[in-house]
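Protein chains in written order, with the numbering used here: chain A, 1 to 430; chain B, 1 to 163; chain C, 1 to 500; chain D, 1 to 363.
Any given hint could be a false lead.
[Said to hold, decoys possible] Chain D residues, not near chain C, derived (Cβ > 10 angstroms throughout): (1) Glu29; (2) Glu211; (3) Met224; (4) Leu264; (5) Pro342.
[To be verified] Taking CB as the label site, the calculated pair distances span: (6) D:Arg344 x C:Tyr294: 37 to 45 angstroms; (7) B:Ile151 x A:Ala419: 55 to 63 angstroms; (8) C:Asp282 x A:Trp422: 49 to 57 angstroms; (9) C:Gln270 x D:Lys248: 36 to 44 angstroms; (10) B:Asn148 x A:Ala348: 24 to 32 angstroms; (11) A:Ala419 x C:Ala303: 30 to 38 angstroms; (12) B:Tyr152 x C:Gln270: 52 to 60 angstroms; (13) A:Val256 x B:Gly137: 19 to 27 angstroms.
Hint data in this document are derived by calculation from the structure and do not stem from the laboratory. Where a beta carbon is used, it is the ideal one built from N, C-alpha and C, also for glycine.
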Amino acid sequence: MNYVIIGNSAAGIGAVEGIRLLDRDGKITVISSEQEHVYSRPLISYYLSGQVELAKLKYRPDNFYEQNGVEALLGDRVLRVAPAEKGLELQSGQRVTYDKLLIATGGQPFIPPLKGQSGENVFSFTKLDDARSLLAQIKDLKEKKIEGQAVILGAGLIGLKAAEALIKAKLKVTVVELSERILSTILDEQAAALLQSHLEEHGVDFILGDTITEFGGNSNHLKVNLKSGGILDCNLAVIAVGVKPNIPNITDNLIVSKQGLLINQQMETSQADIYAAGDVAEGYDMLKGLRRVIPLWPNAYNQGLVAGQNMAGGNASYDEGFARNAISFFGLPVITAGIIDPPAEDLAAKAGYEVLTTGCLEKKTYKKVVLRENRMVGFINLNAVDRAGILTGLIKEKRDLGGLKDQLLSNDFGYLSFAEEWRREKLWKG
Amino acid sequence: MQESRREETLRMKRIYALEEHCLGCKLCEVYCVASHSVSKDLVKAHKTEEITPRVIIESSGDTSFALQCRHCDDAPCARACITGAMQKDPVTGIVSCDSERCVGCWTCIMACPYGAIRRDKYGRSIISKCDLCAEEGEPSCVSHCPNNALIYKELEANERGVE
Amino acid sequence: MSLTMKSPEFLIDRDDDRCINCQVCERQCANEVHYYDHDLSKMSAVDLNCVNCHRCVTLCPSKALRISKYPLEYKENYNWSAEMINNIFKQAETGGVLLTGMGNPSRKKIYWDHLLLNASQVTNPSIDPLREPMELKTFLGRKPERVEFNGEGNIVNLPPQLELGTPIMFSAMSFGSISLNASKSLARAASELNMMYNTGEGGLHQDLYQYGENTIVQVASGRFGVHKEYLNAGTAIEIKIGQGAKPGIGGHLPGEKVGEEVSRTRMIPQGTDALSPAPHHDIYSIEDLRQLIYALKEATVYAKPVSVKISAVHNVAAIASGIASAGADIIAVDGYRGGTGAAPTMIRDNVGIPIELALAAVDDRLREEGLRNQVSLVVGGSIRNSADIVKAIALGADAVYIGSAALIAMGCHLCQKCYTGKCNWGIATQRADLVKRLNPEIGVERLKNLVKGWSHEIKEMLGGMGINAIESLRGNRLMLRGIDLNPNELEILGIKHAGE
Amino acid sequence: MSRRVGEKDISGCAISGIFNRKGLRFSGEAIIKSIALMRERSNGLGGGFAAYGIYPQHSDAYACHIFYDHLKAREDVEHFFNKHFCITLAEEIPTRKLKAIGRPPLIWRYFIQADRQRLERSNLTEDEYVVQCVMRINAQYKGAFIASCGKNMGVFKGVAYPEEIGEFFRLEDYQAYLWTAHGRFPTNTPGWWGGAHPFTLLDWSIVHNGEISSYGANKRFLEMYGYQCSLMTDTEVITYLFDLLVRKKKLPMNLVVKALAAPLWSEIEQMEEKEAGQFKAIRAIYGSALLNGPFSIILGHRNGFLALNDRIKLRPLVVAEEQDVIYVASEESAIREVCPQPARLYFPRGGEAVIGELEGRSQ
């Protein structure tokens with residue numbers, strides 16, 4: 001069997017490992033436009049802040065390709081897929097054939113159309129090269145003994161991780177966010193406020209409900225024009241308003257839905273023998289009951305793993321997709337998952353949602369669970385993340401938690417809160 | 001997640017807690033620390049080293065039990081791990097975390113349905129979890145439980161889900 | 001009364017260099033001796049509460065604890081010992097009866113320790129139990145004077161017998177006085193060892209019916225838990241007249257120990273005191289005993305031997321002879337050092353006689369009356385090791401009951417506080433959190449090890465004497481010699497002095 | 001006749017027996033020859049013989065062989081006899097003067113029958129009446145010892161090597177169908193005439209080699225049934241055990257043997273149910289009769305003999321057969337000395353009884 005995987009990140013690696021669960025011998029070719037060995041994209045902020053050295057960005061050991069019998073074509077790009085011939089045409093001119101093909105090209109930063117954004121010191125922050133460029137710029141500033149200032153557009157995960165890293169790199173940071181709160185997709189108002197003040201304590205400035213309209217100035221001295229009319233001076237800017245699927249324009253025969261490549265729960269695309277996984281694909285969100293791109297690392301790996309197994313003749317499926325995030329800023333950890341704020345209209349319609357919260361401002365803790373028809377559909381654990389995975393597990397398990405509501409937020413919540421039989425069933429799995 | 005794998009569930013010994021015998025004395029925790037210390041000396045381990053126990057004791061009223069990593073077949077922690085520090089050994093089945101590579105992102109904590117992974121107690125950005133005392137033959141918590149409330153064995157099919 | 005003269009009995013000595021503040025001691029002490037002092041950030045202790053049960057010492061992972069006698073001296077006085085004085089303080093404060101648990105600890109002669117065993121030299125060979133068969137099988141029950149055969153040659157007149165793999169039984173300890181886990185341990189160990197345990201006057205918990213073949217069910221003055229299924233559940237029935245630790249008085253299980261399970265098993269309301277009267281109110285005389293013996297035999301269609309247990313008192317020989325004539329198949333005699341879950345201290349320490357003397361006297365009397373081979377004789381009341389057993393059998397016993405030794409095997413440290421219900425070892429308690437501390441698996445294992453070890457030692461001693469079946473030791477007092485015993489004692493024991 | 005009272009007798013021994021199952025009688029020469037060969041198993045402190053069929057002309061009377069230390073003792077016993085028995089004949093047993101035999105006691109024999117009136121009043125069988133009288137004399141009459149009291153049999157024993165005893169008693173002059181002999185090696189008694197073996201009760205006689213570790217248990221068991229073990233010898237308790245179980249408890253001989261030399265429990269477990277049940281009951285009921293420790297014995301009685309080893313065969317015992325004669329001895333050489341080429345020679349297993357019975361009669 002001849003497997004070809006386009007993409008060298010979580011989904012691609014998941015697929016390699018999935019294939020190898022079932023097929024130790026088939027040929028695997030990984031093609032990536034990046035030059036890098038397998039590295040972890042989420043770690044670039046740690047790299048940027050100096051918490052992690054370059055060598056430790058590796059997601060798998062140096063001998064990963066050899067051990068898994070992978071031929072890695074790095075720094076190359078697929079120009080064209082010809083499904084009829086099962087062949088690929090690469091930028092380098094090489095032609096590659098496949099029996100099974102996985103598209104795991106991931107996401108790419110979404111860059112809103114801004115004037116002047118092509119300027120030198122306006123960065124994205126999704127790839128190692130982005131971090132390298134930023135580091136070079138910071139180094140440059142330091143050499144010039146300039147106290148650097150940065151503006152970040154977007155208070156999402158990437159934006160805020162970039163903010164933290166830049167603060168740690170001794171820059172002044174201002175984050176501009178269109179929404180009225182930070183991390184609006186994964187935090188509710190209270191949690192966002194708590195986290196925001198924590199970030200502010202560490203030196204991050206926020207401008208909410210605003211956005212950038214234009215970059216001006218020169219490469220060393222950017223002038224950032226805000227929609228509200230203000231102007232911010234800075235030495236560099238990071239655009240982090242989101243990512244979108246990196247759908248390669250390589251074949252016509254794939255169905256692209258509103259966001260990504262449409263796949264089923266077996267990670268099959270509309271085209272025979274072509275699979276897709278990870279941030280490029282539109283999988284199933286079990287909580288929302290619809291297909292959508294869930295651009296998260298664990299999701300990508302798991303989809304890749306399933307795709308790999310199926311490419312190797314297995315019969316795996318993945319239908320446990322939902323949003324989940326673990327992240328910390330300046331030592332304040334947050335774990336959230338699922339639906340953290342039921343849509344107002346659903347609440348109003350009394351659609352079976354129930355929200356429980358607890359917290360302590362002084363201790364900067366906040367806990368929230370969202371139930372739908374007595375089943376866990378989401379939670380926020382801010383600065384109280386221990387054993388949060390039990391809640392994640394409960395989301396997957398879809399069990400009726402009617403009798404447990406009063407304990408879900410307790411610090412002691414654990415397996416003793418479960419009925420004995422349930423507990424045994426889970427702990428004595430073998 | 002439904003999976004198809006070449007092998008059946010990996011056969012391995014795991015630690016099981018017998019709640020009816022657990023006293024909640026927490027000696028498992030004490031010995032876990034000693035066994036993961038550099039000095040391997042119980043007193044020094046507690047007085048001079050900073051070691052987070054790998055075992056979690058749940059207790060409420062007269063009921064208690066010790067919980068360690070279940071070393072799940074699908075190891076959601078390893079699949080979620082963003083650094084590759086968390087790995088399930090395909091041969092031994094042991095899920096372990098390389099603290100050199102761990103950055104303390106807590107994604108594994110988010111993923112572990114048993115809540116069996118702990119943040120380092122002493123503020124380091126690493127996690128701490130049961131490694132079955134892989135070098136010692138029998139996990140230290142099991143061998144030191146004064147009431148045989150922890151057993152280390154490979155379950156027979158008919159024992160699954162029952163005590 | 002705000003003034004108390006109570007002083008600690010024990011002193012807790014904690015080595016702070018070793019203590020790791022793990023608080024295991026605190027969690028394990030039902031007497032609330034240890035606590036973590038948050039101000040000082042270290043462990044501390046309330047000495048007054050300590051009963052010296054060693055639970056903390058045993059479990060302390062860094063061995064940081066030592067317990068010693070509290071160094072509080074009274075003015076030297078041989079007559080008024082500290083114990084006497086403290087007892088008076090206690091009673092002056094409470095007006096109550098002094099209570100205690102386990103056996104008589106007082107400094108009186110222990111006759112076992114004045115008996116020495118024989119061994120073969122030259123004229124006959126000793127036998128090596130590791131190479132040669134060595135038989136400990138023992139039968140308890142009535143033996144006919146003459147066997148009778150039917151036409152097919154089968155013996156027709158052998159009454160029911162208890163068959164023991166080793167001449168040891170676990171003595172009566174009720175569920176209530178001990179925990180269900182302790183009862184389970186005894187029952188399972190008995191069944192795995194092919195021996196017997198005794199329910200005591202606590203009825204038979206449902207979980208224990210499965211061990212019926214190894215169970216002696218007791219009928220005592222309170223008749224707790226006695227019903228037809230109960231009587232038929234065991235292989236023998238024992239009528240308890242007396243107990244070595246408290247001859248002449250009844251029993252008292254306080255209401256707080258009568259939880260749901262105890263209540264159901266004893267058939268008494270939850271939370272009520274279980275009071276066993278001093279006498280059986282249907283036995284005021286020997287002929288009444290005979291009626292009860294036969295009533296029980298009728299109820300069990302003569303399929304089970306009936307034992308009668310008495311405490312060793314002054315005229316024990318005559319009483320035993322009467323019991324044999326009254327139809328008992330087994331006579332159990334409990335010596336004055338026998339254990340108890342609760343007894344008035346004055347009774348325990350001052351009433352009854354040593355089992356060694358009682359045994360010798362009873363065996364002699366039964367032989368004089370030609371009854372000895374008809375009934376079996378079991379003794380208990382502080383059998384401390386296998387040599388005590390060998391000596392007991394040589395003096396004339398068929399088998400022994402062990403109680404305290406079994407409890408010690410399961411973890412009892414003889415703190416003598418059984419009556420408080422706060423046994424830190426999970427034995428003499430009904431508190432769920434404490435009961436848990438005795439994992440029956442471990443209890444069974446430890447009991448089995450003890451009985452196996454002792455049985456092996458008995459075999460070694462038998463082999464040394466050139467004997468390979470336990471019955472050849474029974475009453476074989478030539479195998480005994482006395483040491484430090486006066487002629488009167490030697491005569492009662494029916495043995496010669498060492499050197500004779 | 002010195003006697004150390006109250007201390008258990010311990011001795012090593014030689015035993016031998018010759019039996020003609022047709023009842024043909026033969027002189028004592030052969031048995032003397034046989035026991036003499038095992039001289040080194042004795043030390044001159046005791047030897048003796050039991051002979052069956054020697055008094056056919058008095059076969060209805062109990063033949064009492066008695067040792068007297070002095071005349072007073074004889075007077076006392078004869079006084080007792082006159083009161084309780086009818087004496088058919090009283091005479092001194094003929095002996096030969098020998099250097100090896102120092103100072104022999106007075107040795108008499110009496111052929112007696114119970115006084116009818118006294119017997120009736122006693123409500124006892126004549127056997128039991130005789131036993132009680134004999135025990136009384138042996139226990140209470142100083143200077144007198146009844147060595148045997150069976151019908152048509154007698155015991156000849158004393159302090160010397162057995163062949164010397166044989167010569168002393170002129171055994172070549174007696175004709176018996178069963179002879180047993182004993183040579184003694186006591187470790188703790190100086191030897192007295194009464195304490196020599198065989199030991200008898202009525203017509204039971206025992207020669208025995210060994211030391212019974214269960215002696216104390218056996219003795220106290222017997223005492224419960226009225227036996228007085230005054231001699232402190234194993235032989236005495238073995239004799240009484242046979243008497244108790246065979247004569248009083250009426251157990252068949254095969255089960256008596258299984259009480260005294262019981263099969264191991266491990267062996268019983270292998271047996272078929274009925275047999276196992278029997279043996280289990282025998283062991284449960286008569287455990288106190290189990291003879292524990294090393295022994296080999298020859299039990300003589302009017303109808304033959306029984307030879308038995310302890311159950312794990314800690315002492316030697318050899319059996320040979322040649323035509324109608326059965327030989328039993330501690331050593332093979334003691335048999336070959338008198339029967340060089342027996343038709344069959346074997347070593348019985350521990351606890352396996354060898355039974356010789358007069359033809360047409362069984363116990």
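Status of the hints after comparison with the structure:
1. For glutamate 29 of chain D, the condition that its CB be more than 10 angstroms from all CB atoms of chain C holds, with the nearest at approximately 32 angstroms.
2. A cut-off of 10 angstroms between C-beta atoms contradicts the statement that glutamate 211 of chain D is not in contact with chain C; the least separation is 4 angstroms.
3. With 10 angstroms as the threshold on Cβ separation, the claim that methionine 224 of chain D sits away from chain C is violated: the shortest Cβ distance comes to roughly 5 angstroms.
4. A beta-carbon of chain C comes within 10 angstroms of the beta-carbon of leucine 264 of chain D; the shortest separation is about 5 angstroms.
5. With a cut of 10 angstroms on Cβ distances, proline 342 of chain D stays outside the contact zone with chain C, its closest approach being about 29 angstroms.
6. In this structure, arginine 344 of chain D and tyrosine 294 of chain C break the distance hint of 37 to 45 angstroms, their C-beta atoms being roughly 57 angstroms apart.
7. Checked against the given bound of 55 to 63 angstroms, the beta carbons of isoleucine 151 of chain B and alanine 419 of chain A, roughly 22 angstroms apart, lie outside it.
8. For aspartate 282 of chain C and tryptophan 422 of chain A, the hinted distance range of 49 to 57 angstroms is satisfied, since their beta carbons lie about 53 angstroms from each other.
9. Restraint check, glutamine 270 of chain C to lysine 248 of chain D: a C-beta distance of roughly 59 angstroms breaks the suggested window 36 to 44 angstroms.
10. At roughly 56 angstroms, the beta-carbon separation of asparagine 148 of chain B and alanine 348 of chain A lies outside the given 24 to 32 angstroms, and the hint is violated.
11. At about 46 angstroms, the CB distance of alanine 419 of chain A to alanine 303 of chain C disagrees with the hint of 30 to 38 angstroms.
12. One distance hint, 52 to 60 angstroms for the beta-carbon pair tyrosine 152 of chain B and glutamine 270 of chain C, is violated here, with the actual separation near 40 angstroms.
13. Distance hint for valine 256 of chain A and glycine 137 of chain B: a CB-CB separation of about 55 angstroms, inconsistent with the stated range 19 to 27 angstroms.
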